Amino acid sequence: MIKNKVTFSILLLLIASDMLETTLHLFFKKSALSQSGTSVIDLASAIIFFKGAFLSPYLWAGLATVVMVFIIWSSVLSKIDLSVAVPVASFSYIFVPIASAIFLNEKITLLRWLGILFIIAGVILVSLSSKERELANK
Amino acid sequence: MKEGVLFVLFLVTLTSLCDTINQLFLKSAIDSLNFSLSFNFVKILKFIFQLLLKPRLWLGFAFSVISLCIWLLVLSKADLNFAFSADSMHYIFIALASRFVLKEKVNSLRWVGIIFIIIGITIISFS
Numbered sequence: 012m013i014k015n016k017v018t019f020s021i022l023l024l025l026i027a028s029d030m031l032e033t034t035l036h037l038f039f040k041k042s043a044l045s046q047s048g049t050s051v052i053d054l055a056s057a058i059i060f061f062k063g064a065f066l067s068p069y070l071w072a073g074l075a076t077v078v079m080v081f082i083i084w085s086s087v088l089s090k091i092d093l094s095v096a097v098p099v100a101s102f103s104y105i106f107v108p109i110a111s112a113i114f115l116n117e118k119i120t121l122l123r124w125l126g127i128l129f130i131i132a133g134v135i136l137v138s139l140s141s142k143e144r145e146l147a148n149k
Numbered sequence: 012m013k014e015g016v017l018f019v020l021f022l023v024t025l026t027s028l029c030d031t032i033n034q035l036f037l038k039s040a041i042d043s044l045n046f047s048l049s050f051n052f053v054k055i056l057k058f059i060f061q062l063l064l065k066p067r068l069w070l071g072f073a074f075s076v077i078s079l080c081i082w083l084l085v086l087s088k089a090d091l092n093f094a095f096s097a098d099s100m101h102y103i104f105i106a107l108a109s110r111f112v113l114k115e116k117v118n119s120l121r122w123v124g125i126i127f128i129i130i131g132i133t134i135i136s137f138s
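First to last, the protein sequences are chains A and B.
For the first sequence, the residue numbers in the working numbering are 12 to 149.
For the second sequence, the residue numbers in the working numbering are 12 to 138.
It is worth saying that the hints were derived from the structure and are not from the lab.
Predicted model only: the values in this text are computed from it and were never measured.
Treat the hints with care, as some may be off.
[As the list claims (entries may be wrong)] No farther apart than 20 Å at their CA atoms in a straight line, the calculated lysine to any residue pairs in the SDA-like style are these:
# : chain 1 : residue 1 : chain 2 : residue 2
1 : B       : 88        : A       : 119
2 : B       : 88        : A       : 57
3 : A       : 41        : B       : 84
4 : A       : 41        : B       : 66
[Unchecked claim] Here are the simulated distance ranges between beta carbons:
# : chain 1 : residue 1 : chain 2 : residue 2 : range
5 : A       : 44        : B       : 47        : 37 to 47 Å
6 : B       : 119       : A       : 78        : 34 to 44 Å
7 : B       : 119       : A       : 37        : 33 to 43 Å
8 : B       : 45        : A       : 30        : 36 to 46 Å
9 : B       : 42        : A       : 23        : 44 to 54 Å
Even glycine gets a Cβ: it sits at the ideal position worked out from N, Cα and C.
Construct the entire structure; sequences and hints are all you get.
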C-alpha cells in the first residue's frame, strides 16, 4: 500500500475541506460579531458572551460545517502524514484573496501576489517532501 | 495598547496549542484504525463511526472546544489580519509535534515549505 503520497484526489479533498473551513471561519466571525455589544472583562461577562454566541444561528451553521470538515479531514489523515496535511491545507489563505478578486472585483496588490506565491511554493515543497520520503522507503 | 497585543498573542498561542493537541489525538486515533482511503460512502461512514468510538478522539474534541472558545474571544478582540498571521505559528507546533510525538520524518524540504507558508500568510495578512 502506498502511503504518505499527496495524490490528486487527496489534493481535491484538501481543497474541499479548505473551502468549507473558510465558510466556517465566516460563520464563527459572524457569531462573534453578533456579540460585539458584550465586552469580555471577567468570567461573568465571558459567560454572557458565550451564551449569546451559542444562541446565534451562525454558530450552529459553523458547527454543521465542522462536522463535514471532520469527515473529509479524517479521511485525508488516514492517508498522509499530519506534518504534510496541515501545511498543504493552508491553501485556504489563497482562496480568500482570489475569490474576492473574482467575485467582489477587489484588486490583488503586488504584495498580496507575493504572499500567494510564497504559500504556493511552500505547499509544493511540502508535497514534494512527502514523495521524497516515499521513494526513500522503497 | 501594547499589553493588548501581547494578550492577544498569548491567546492565539493557547488556541494554536490546543488545536495541535486535538490534531495529535485525531491522527493517533486514525492511525490505530488502519483505514485506507476509499471513496466508498459506506466504508467512510463505517470508518467515521469506528473513529467516534475512540476515547482519545473525544479528548481531542475537548481541546478543540477550548480552542474554539479562545478563538471566538480573539476574533471579538483582535484585528483579523494580526490574528490570522499569529495563528500561522501553529504550523510550527504541528511540525514539531508530528516529529516528536508521532515520529513522522519531517525532512528539511518540509521545514523550508512550512517556513515559506508562514511568510506567505504573514504577507497576505498585512497587505
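Each hint, compared with the structure:
1. B:88 <-> A:119: Violated, because 27 Å separates the two Cα atoms, which is more than 20 Å.
2. B:88 <-> A:57: Since the Cα atoms of residue 88 (chain B) and residue 57 (chain A) sit roughly 12 Å apart, the hinted pair holds (cutoff 20 Å).
3. A:41 <-> B:84: This hinted pair holds, its Cα atoms lying about 13 Å apart.
4. A:41 <-> B:66: violated (32 Å)
5. A:44 <-> B:47: 37 to 47 Å: holds (42 Å)
6. B:119 <-> A:78: 34 to 44 Å: Between residue 119 (chain B) and residue 78 (chain A), where Cβ atoms are some 37 Å apart, the hint holds.
7. B:119 <-> A:37: 33 to 43 Å: holds (36 Å)
8. B:45 <-> A:30: 36 to 46 Å: violated (29 Å)
9. B:42 <-> A:23: 44 to 54 Å: Violated: the Cβ-Cβ distance is about 23 Å, outside 44 to 54 Å.
Consistency note: the structure conflicts with the earlier hints numbered 1, 4, 8, 9.
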